[in-house]
Amino acid sequence: MLKIKNINTYYGQVHALKNVSLHLLEGEIVTLIGANGAGKTTLLNSLSGIVPSKSGEIIFAGVPISSLAPSRIVKLGISQVPEGRQVFKPLSVEDNLELGAYLHYRTAAGRAEVKKTGDMVYALFPILWERRKQLAGTLSGGEQQMLSIGRALMAKPKLLLLDEPSMGLAPMITQEIFKVIESLSQEKKTTVLLVEQNARAALKMANRGYVLETGKMILEGAAAELLENNDVQRAYLGKDKKEIWER
Amino acid sequence: MTKEKREILIFLIFTLAVLITPLFLRGSYYLNVLVFIGINTMLAIALNLLLGYAGQISLGHAAFFGLGAYISGILTTRFSFDPWLAMIISALMSGGLAFIIGFPILKLKGHYLAMATLGFGIIMFIIFNETVALTGGPSGLSGIPNIHINSLVFDNDLNNYYLIWVITLMVMLLSINLSQSRIGRALRAIHDSEVAARVMGVNARVLKVQIFAVSALISAVAGSLYAHTMTFISPASFGFNFSIELVTMVIIGGLGSIYGSFLGAAILTVLPEFLRVLQDFDIVVYGLMLILMTMFMPGGLISGLRLIGEAIGSRIKRKSVSNA
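These protein sequence lines are chains A and B, in that order. Under the numbering used here, the residue at position 99 of the first sequence is numbered 99, and the numbers go up by one with no gaps. Position in the second sequence (from 1) plus 1000 gives the number in the numbering used here.
Each hint should be verified, as a subset may be incorrect.
Derived list of chain B stretches under chain A, where covered just means 3 residues or more per stretch with a C-beta under 8 Å from a C-beta of chain A [what the hints assert, rightly or not]:
| id | segment |
| --- | --- |
| 1 | 1186 to 1192 |
| 2 | 1201 to 1212 |
For lysine-lysine, the following DSSO-like pairs were computed, each having C-alpha atoms within a straight-line distance of at most 27 Å [to be verified]:
| id | chain 1 | residue 1 | chain 2 | residue 2 |
| --- | --- | --- | --- | --- |
| 3 | A | K133 | B | K1005 |
| 4 | A | K75 | A | K5 |
| 5 | A | K75 | B | K1107 |
| 6 | B | K1003 | A | K89 |
| 7 | A | K216 | A | K5 |
| 8 | A | K89 | B | K1005 |
| 9 | A | K54 | B | K1109 |
| 10 | B | K1003 | A | K115 |
| 11 | B | K1003 | A | K116 |
| 12 | B | K1109 | A | K89 |
| 13 | A | K116 | B | K1005 |
| 14 | B | K1107 | A | K54 |
| 15 | A | K216 | A | K54 |
| 16 | A | K3 | A | K188 |
| 17 | A | K115 | B | K1005 |
| 18 | B | K1107 | A | K89 |
| 19 | A | K3 | A | K54 |
| 20 | B | K1317 | A | K133 |
| 21 | A | K133 | B | K1003 |
Read the hints as simulated data drawn from the structure, not as lab findings. Glycine included, every Cβ here is placed at the ideal spot set by N, Cα and C.
Isolated chain A (complex conformation):
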């Protein structure tokens, strides 16, 4: 459903993505792993149009989207959960969710639909229902992450882009959030592109994985294979760490 072909993205002079290609099939969970500064977030931002790519093709559901504005891309069905959550702190939980449905909120029929989607999100994260009148800034980190995911779901995406949902969260909360992501893909048939530092957890959940290193895609394969891959194990999963320390 998504095909990225040889895209190049720059920040001024800095060449952040070098001929990167990637594809996603309908209903898949695909994870993108890599070190800090490898270009993972840039790839997501190029997809959602926040940092447009200079060259190459991005085709989503048959439509080329690499030159579209972010709002058009959301309309086509791609929602991003931005890095570091970025909930709207001075707004209530309710308002944050309604903002997620910004494009659906225009018409009366849309608003009725929004309410239904809202109920779905509250069912997914019951804690948000309890906190719906509270300002988003007063939520804990985990709750903010749930809100951020819920907000993205409000746009009813076909493809969900998740940027490090485990960032700064306790392992228990991370597990909980990963469970929700898994159920989204199984029950709601949402396609997921997951960027993660927590490579092991991400690869365990995903169908396939990509490894990005300094702007280049260096590996691609089934998640289970990547988990067994020697290079991946050494670089991202901490294998041989002890020996290296002692050397």
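Once you have looked at the hints, place chain B on chain A.
Showing chain B alone in chain A's frame:
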């Protein structure tokens, strides 16, 4: 729902207060001050939509106020347009100009945006001063006709009071509606995190320009009303100092609060009357107020009032509990 009801109730009480206030006032002096408060309230609300909701600074809003006043003044004196028509044209032209310059200017952020809007304000100030053939230059433009509806001419303080305040109330209602709508929510989202707003599908660039244009349009209406009630305008009223005064009104009253804008406008309109003894040093008082506000009441006077109200409310509650 209850929140909406409360909002409606507050607005009705405010409207009633505005309508009956003249009954308690003797002499035209106070009415005159209230007319100015009305005009400044419109301006503060216009700027608040931009600064308080969307989080975009403008240090040149006096220019839109001036533009509204001058277009209206020139059309009525030199081309004998009807004042109402002149007002509509001045509002549309100012809004249109804001829309055009908004696209390049609002790409900037923070200090750069402040500098660009400041520059725009200064350019407009120079134009008001130098195009003597049109504006009358530094000595001003006089003989601007009063607004009239058939034979009802708005030429005394009481008439003007109702004219200005009915339009101010309309601006307030419009702004309250806007701030509670999907657009208002999107504006506050842009204020907090533009990237997150954009990935939610909010077209931040266009929305910022649109609210800039609406803000300019309201400012121009205020300017036009000012011109037609004063019947005389000069560039000195539309300079950099007034732009800063407008920002001060919004911040002292409370960012993102419509009634806060009214409070800020009221205080900054009345205060100079008391600060006359200080002569040019009144600016020190404004500076001090800004510092104290940002330190102790960052939400502005309106949030301070709310806190006091809540404190009294909880005390009454506690008393009634201990009595029972």
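message = For a C-alpha distance cap of 27 Å, please report whether B:K1107 and A:K54 respect it.
response = holds, 20 Å
query = Is A:K3 within 27 Å of A:K188, Cα to Cα?
reply = Answer holds: A:K3 to A:K188 is near 21 Å, not above 27 Å.
key: Restraint status (C-alpha distance of A:K133 to B:K1003 at most 27 Å)   = Holds, at about 12 Å.
task = Could you grab the alpha-carbon distance between A:K75 and B:K1107 and see if it respects the 27 Å cut-off?
result = Answer holds: A:K75 to B:K1107 is near 23 Å, not above 27 Å.
query = Is B:K1003 close enough to A:K116, meaning Cα to Cα at most 27 Å?
reply = holds, 22 Å
query = Does A:K116 pair with B:K1005 here, judged by a C-alpha cut-off of 27 Å?
reply = holds, 24 Å
query = Taken at face value, is the distance from the CA of B:K1005 to the CA of A:K89 at most 27 Å?
reply = holds, 25 Å
query = Given as covered by chain A, does the segment 1186 to 1192 of chain B meet the bar of three residues or more with CB within less than 8 Å?
reply = That given contact holds, which follows from 5 residues of the segment 1186 to 1192 of chain B lying within Cβ reach (below 8 Å) of chain A.
key: Outcome, coverage of the segment 1201 to 1212 of chain B by chain A - at least 3 residues whose beta-carbon is closer than 8 Å to one in that chain   = Check passed, 3 qualifying residues.
Distance restraint between A:K3 and A:K54, which requires alpha-carbon spacing of 27 Å or less = holds, 16 Å
request  = Verify the proposed pairing of B:K1003 with A:K115, using a straight-line Cα cut of 27 Å.
outcome  = Distance ~18 Å between B:K1003 and A:K115 Cα, so the pair holds.
Proposed proximity, B:K1005 with A:K133 (alpha carbon, max 27 Å) = holds, 17 Å
In terms of the numbered hints stated before, the structure departs from none.
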